[in-house]
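Could you build all of it, start to finish, from the sequences and the hints given here?
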Amino acid sequence: MYRSQRLSLRYYTAAITLFGVMILFGLLSALYYVFPSMLFEVLNFSTSKILHIDTLVIWLLMAFLGAVYWYLPQELEHEVVGIRLAEATFWVFCAVVAVVAVVFLVVQIGDSTAFTLWFINQGRKYVEAPRWASIGVVVVMGVFAYNVVATCVKARRMTGVTWVLVLDLIPLLAVYMDAFPADENMSRDLYWWWWLVHMWVESTWEVLIGCIMAMVLMDVMGTSRRIVETWLYIEVMLVLGAGILGLGHHYFWIGTPEYWLSIGGFFSALEPLPLLGMVVHAVYDAGEHRLRTVNRPAFFWITTEAFLNFIGAGVWGFMMTLPQINLFSHGTQWTVSHGHFAFYGAYVCGVIAVFYVAKQKTSGVACLDDRFWKWGYGLLNIGMVGMVMGLLLAGITQAFYGRAIGGSTLMAFTQVSENPWFLSGIWARLLFGIVFAAGYVALVYDLLRKPRSNAVGAGEIAGAAT
Amino acid sequence: MTPTAFVATALLMGAFVLAGGGYGSLYSVGRLQGRPRLIRMGAVCLVVALGFAAAIVVATPLAVGWKILIGVSAAGYAAIPPLVWRYLEQLHSGGRAMR
Ligand code: HEM
Ligand code: HEM
Ligand SMILES: [Fe+2]
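Line by line, the protein sequences are chains P and W. Residue numbering for the first sequence follows our numbering, beginning at -9 and increasing consecutively. Residue numbering for the second sequence follows our numbering, beginning at 131 and increasing consecutively.
It is worth saying that the hints were derived from the structure and are not from the lab. Where a beta carbon is used, it is the ideal one built from N, C-alpha and C, also for glycine.
Derived, one-sided and incomplete: chain P residues facing chain W with beta-carbon distance under 7 angstroms:
| no. | residue |
| --- | --- |
| 1 | T220 |
| 2 | P262 |
| 3 | L266 |
| 4 | G267 |
| 5 | L312 |
| 6 | Q314 |
Structure follows, in structure tokens:
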């Protein structure tokens, strides 16, 4: 085992812990919807939600870093260069996250001054962490980029996957710089902020998870490098081709020029097509190896990733990506439904696969499949699908009664909040959220427990492992 | 756009892509396991998807440009599964020859 793989286990541990924190604040946020005056002026909904979605971004980022630290030395057959520095920045990262979380919980909000911006909250959704902390994240990411590039140089070796990864890191880091500028003009501010949020989830992260998936496929399915890499190039071109200008679907109503209506609608409507290609690819790969795999949970999660990425991002996104529809659905629970489904399908499922790869390698079993993983798999998926269905119902009700019929007035908004359809959706979200949380517990338990050494199946597996 | 037309359009759009995905999934699983029945069920999904696309074109108040876009992407949903499949097969047999 490479030293950087031990670092990656640390990253995974931090990621899984924050995943739990995120679920906790998700459940808390959902409770406000059914008990609106809960914790009034003690801990408001906004703070709880910030903790929910900021931990989301951070834990996924940590899991991505972990995955790269895991696979990089394996790809290049060389220990990661600057590993000491990377180990030190891991602790910096954890400390920064902990301090920010405490400030969010205790201080919560500040005056509209530069001090607040620097030390309390930047007020930019998903990346609310104050500036000093954002600088900390930049340092961590900078060291990470150095690790990757320096290792490639030192190893004098590049694979196709590593090329894509390195090139992707440039825009990924560049758009994070958008976490900093604070413009008093709301339109301009949002304009740039969307570069960060959209370009991450619909472009650079999508490429990053593509690289990670490619490495997992070679690892657990024994898919040949040539296939995986050729497919990765095509996928990256298609995803970026539609995804970059798809940015325009966030520029419909923020004061940006009118041509964004056409650009955004057009390109984002094409976004599901490459995701469909990935579904076909996933099925092909699964079958080419006759479902023989050394790691069943990783295999199932990775296949699920392809399907739910298509449904959560593709189908749910497509429903409301044309301006005529978005006019009414914008910012309702419909959006929340899509946000949950897409993040879960595209990223959560993928990183869980990576966790299982690590579990197998660290426990040294030839074949990982001892049933209990199905509990986590089942409960998490049922919980998520139930949540997004409830949210879809709530969102359609809001868009229909509150927006299209009610004309988006405050009165209409208030009234629709008491609509029985809306309320059932909100309750369903809470209840399925509890199912999801149970799935998380099962997942963590399964990841931590010692696997049975599985003699049966090892022979059958041998073919796939070569 | 009337409120009902709005909800109907959004749901038709979702159903269209979902059915397109159904075609892609059933087609590829069918090819994989050599089960013509699944491929036929996939074809039914494709017809359903095209039906939804047609419904969007004919019955919704979207502007003409968007309707053309829906038509074009319907062609995309029909073409992608077999194209990708054939391409992967080619890649794979090439890979085997190399090994
Ligand atoms: C127990 C499970 C969860 C519950 C109960 C929950 C609940 C919530 C609630 C109440 C909000 C605030 C929505 C609003 O502003 O009206 C929210 C936002 C959000 N959550 Fe969750 N969540 C859960 C799990 C997750 C997971 C697993 C993910 C990612 C995969 C996620 C991603 C998000 C995102 C992206 C938002 C922002 C959506 C938006 O504002 O459009 N949540 N969640
Ligand atoms: C992995 C991919 C994706 C992820 C993780 C994702 C996530 C999200 C999230 C979290 C939001 C809410 C942003 C906010 O207001 O805070 C959002 C909004 C949106 N997404 Fe996606 N998305 C993905 C792909 C797509 C695709 C492929 C489409 C279109 C086909 C799409 C269409 C939209 C639209 C139109 C909105 C704006 C909704 C509104 O106006 O309120 N998304 N997405
Ligand atoms: Fe977007």
